[in-house]
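Trainee: Let the hints inform the model, and build the full structure from the sequences given.
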Amino acid sequence: MDEKIFAKKDIGKLLEELVPEYKFYAPTKIKGNIAFKEITDVKEIELDYLNSKVPPKDVLFPQKEIIFEYKYEGKDVIIEERKDLEDKILIFGVRPCDAYSFKLLEDFFASGDFQDDIFLKKRENATIIGLGCNTPRQSCFCTSVGGHPFQKESTDVYLSDLGDIFLVEAISDKGKSLVKKLTWLSDAKKADVDKAKDLAKQAEESITTKFNFDLVTKVLDENFEHPVWQEISESCIGCSSCTFLCPTCTCFDVIDENDEYNNRGRRIRIWDTCQSCLYTLETSGHNPRPAKIQRCRNRIMHKFSYYPSNYDCLGCVGCGRCITACPVNNELRLIIDKILEIEEKSGEKVSA
Amino acid sequence: MVKSMGLETENKEIENNLREIARGLLKEKKVDVIIGYMEGTLPLLSQPIIIDSEEDVEKLIWNNLCYVNLAKYLVPRVPKFVNPEKGNLTVGVISKGCVGRGLIHLASENKINLDEIKIIGIPCNGVVNRQRIEMEIGEKEILEVSVFGDNIIVKGKDFEREFPYDEYMNDLCKTCKIRKPPLVSKSLDLCVGECEEYSNIVDDFSDISEFEALTPEEKWNQITEELSVCTRCYACREACPMCYCNLCFVDQNKPVWFGKTTDLPDVFVYHLIRAMHMAGRCVACGACSLVCPMGIDLNKINRKLEKIVKERFDFTSGLDPDVLPPMVDFKLEDAQEFALEED
Amino acid sequence: MTEPSVETKQSKNKEWEPKIIAFLCNWCSYAGADLAGVSRIQDPPNIRIVRVPCSGRINAYFIIKSLTDGWDGVLVSGCHPGDCHYISGNLVARRRFAILKELLEFFGIEPGRVNFMWASAAEGMRFAVLVRKATEIVKKLGQNKKFEKKW
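Chains as they are written, first to last, in my numbering: chain Y, 915 to 1266; chain D, 3 to 345; chain L, 4 to 154.
It cannot be assumed that every hint is accurate.
[Unchecked claim] Chain D is nowhere near these chain Y residues, computed Cβ spacing over 10 Å in every case: (1) 997; (2) 1111; (3) 1260.
[Claimed, not checked] Here are some chain L residues pointing at chain D (derived, C-beta under 10 Å): (4) 63; (5) 67; (6) 78; (7) 80; (8) 85; (9) 91; (10) 96; (11) 102; (12) 108; (13) 150; (14) 152.
These aren't lab readings, by the way, just hints derived from the structure by calculation. Using N, Cα and C, we set each Cβ at its ideal position, and we do this for glycine too.
Mentor: Written out as structure tokens, the structure is:
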């Protein structure tokens, strides 16, 4: 049997074996929030979690990332490229929705004429160990965006949480060679595999939020100027919590930091958000998205209309972070309902 | 505050009263629209709602989850508050104490015309410290939140926990002295419902004295630890009724004043200067902390600001629209003990 | 640029001296500094002067930006309250400084990092004495490293 198992208490062993080779990222608790951080001590790893507050995308696409550094030597400017891009990264315990988000990020960063070397290099050197999601939340809707709480896509090694043990499945070539190296893993029994299947089924059934996104995309394409956007953006305060906690948001701003006293500087990129007024502000002073209505619309259109037409997939993984993060409860489920209402109403009109 | 009845009866009573007033105002056409709170779709949340017809009045609620300061929606006015032909509509605002204070303070900064609003005062009994409850529940999903007696009951799939409300109230609500919106004696018809006149508010600020007694090093460590998780999403700024600048100082790029990264110095400076801008203006609604997606607690800073302006300038924000805010005013005899003097 | 070299440099050059940025108002304190100079009153060379039209011009940004840029101390000086060239500039500024001073302390910045003073154009002596005092305070606090960015 291809599947392996290891006991949860052996996680230290795993860490010990992999840390010399990889930068080992795992969920850990920071000020009460789960976050993916580089781990060296097994005690830091938190295995009992629903999902991280900030998605694991920030391992490969951190909020602040140095593109290059420069320094002056006499009259010369010397540019120093990043040297740590070749480091091997391992991200442990990524939920299937977040694992799938890496595929969407890759789509974005690799598409078009310009390849984002930094992200793609990191992605290439990253091994993702997925972890099945036994307890989806009320706000989760991964099944509606083509995902599944036990989806294995985009992971290299896939784990299922069976209580005291993890069921290990190697998915990609990278994953297979990794599992091969871990010789101490024991073979899985049929019962374990069946149990994982049962859990997957249970998890799928527990997801209650379901949408027909094909219809959403269609309605969105036709209703750019619909008055519903006014209604949707009404209570939004433009706080951008939704975009900052989104696993698929990719927008960034490039800024220079000068340390003039030490004759050096660096160019960095930081997350930007379409919910900020500065995002579309042009040098002339003109702002094509001057109000909340356009900004709210942009977020929804980007995920559910532009992504399908540009990359042929939805720009959403259904993790539900934006739903729980919204402080005024102007959440995605309500927004989608309102959008679908347009279709229902127009349907009624036709039939009447 | 003496609680004569359980929290749920108290809330029900507030809710019934505010609905009745709202219905009356809409019926008599004294207001065009009313902004209030409605039931949220998630436990531990409520949702702002704007209504303009009598039948929607039943949607208005009061529970202890109404965090957002509704004054935010008036500066600038959301499109629903403006009629393309008639201009500004008369807006009824369901106001807990801090919402009323926010409106009155904004009027003192000439951001709101009080003739165009009606403060529907309610005797607020505080809001829940959502983040604290979420932290204590930890990695379990909260499915239902209700109040019973003086407790908040949080239920999930396989757990049920009670939190004493007095303790799990938002920190600013614990020390709040202005639970009903202030009555402005000069424009009495501004307020309907329960408002109250305030004078000589006494506050000993004992809740922050412990922190103030720390050494600079200890304070620095505590504050930077608190701020270390900040993602610079600016939810605190966007939720704040006083943050209405068209271009915030952190967004200014001609010149760039302060860094935009999440490095500690940049984060620290953002919060320090935002605090500076809040001096004499903060109305202690606590929205900034309650909306923070990372659960950063800014209440201590807000309390300090309140303390400084109270002690130095004897000013409490949002009580009287005709009193100049302290930062645009001065007196020749202001204290200047901080200035260097020759020995 | 590395840490050790800075230390050796310091130990060679006797004592470490703080660098203080001083915002002086054009009408009183700057003239006071000038008077101290022409009267040959010795004051510490640690301050670097930025001349501003009035202490009311001094935004809290200037002070905080100076700290983040690595200045060891900030000194702000204007006309005596009541003597402002623009009548009330320094009175408005005084409230601002009072709040800034308290807030900085609350946020854990040592109280002596930022100092405020008043000195008129006729007070060369007072200017020199207070600058010396401010320099001593900052020197006691040592280098301002709290805002150093990781590089």
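Trainee: With a cut-off of 10 Å, does the beta carbon of residue 108/L approach a beta carbon of chain D closely enough for the hint to hold?
Mentor: At about 7 Å, which falls below the 10 Å cut-off, the nearest Cβ of chain D leaves the hint on residue 108/L intact, so it holds.
Trainee: Given residue 63/L was flagged as interface, is its beta-carbon under 10 Å from a beta-carbon of chain D?
Mentor: This interface hint holds because 5 Å falls under the 10 Å limit.
Trainee: Checking hints one by one. Is residue 78/L an interface residue toward chain D, by the C-beta closer than 10 Å rule?
Mentor: 8 Å, holds
Trainee: Residue 152/L was flagged as interface toward chain D. Is the shortest Cβ-Cβ separation under 10 Å?
Mentor: 5 Å, holds
Trainee: Is the interface hint for residue 91/L satisfied, with its Cβ closer than 10 Å to some Cβ of chain D?
Mentor: This hint holds: residue 91/L lies near chain D, its Cβ roughly 6 Å from the closest one there, short of 10 Å.
Trainee: With 10 Å as the threshold, tell me whether residue 1111/Y passes as away from chain D on beta-carbon distances.
Mentor: 22 Å, holds
Trainee: When the nearest CB of chain D is found for residue 80/L, is that gap smaller than 10 Å?
Mentor: Check passed: Cβ of residue 80/L comes within 9 Å of chain D, closer than 10 Å.
Trainee: Quick one: work out the minimum CB distance from residue 1260/Y to chain D and report holds if it exceeds 10 Å, violated otherwise.
Mentor: 23 Å, holds
Trainee: Take the shortest C-beta to C-beta distance between residue 150/L and chain D; is it under 10 Å?
Mentor: Interface hint status for residue 150/L: holds (4 Å vs cutoff 10 Å).
Trainee: Hint validation: residue 102/L versus chain D, beta carbon distance must be below 10 Å. Holds or violated?
Mentor: 5 Å, holds
Trainee: Can we confirm that no CB of chain D comes within 10 Å of the CB of residue 997/Y?
Mentor: 20 Å, holds
Trainee: Taking the closest Cβ pair, is residue 85/L under 10 Å from chain D?
Mentor: 6 Å, holds
When each numbered hint is compared with the structure, no violation occurs for any of them.
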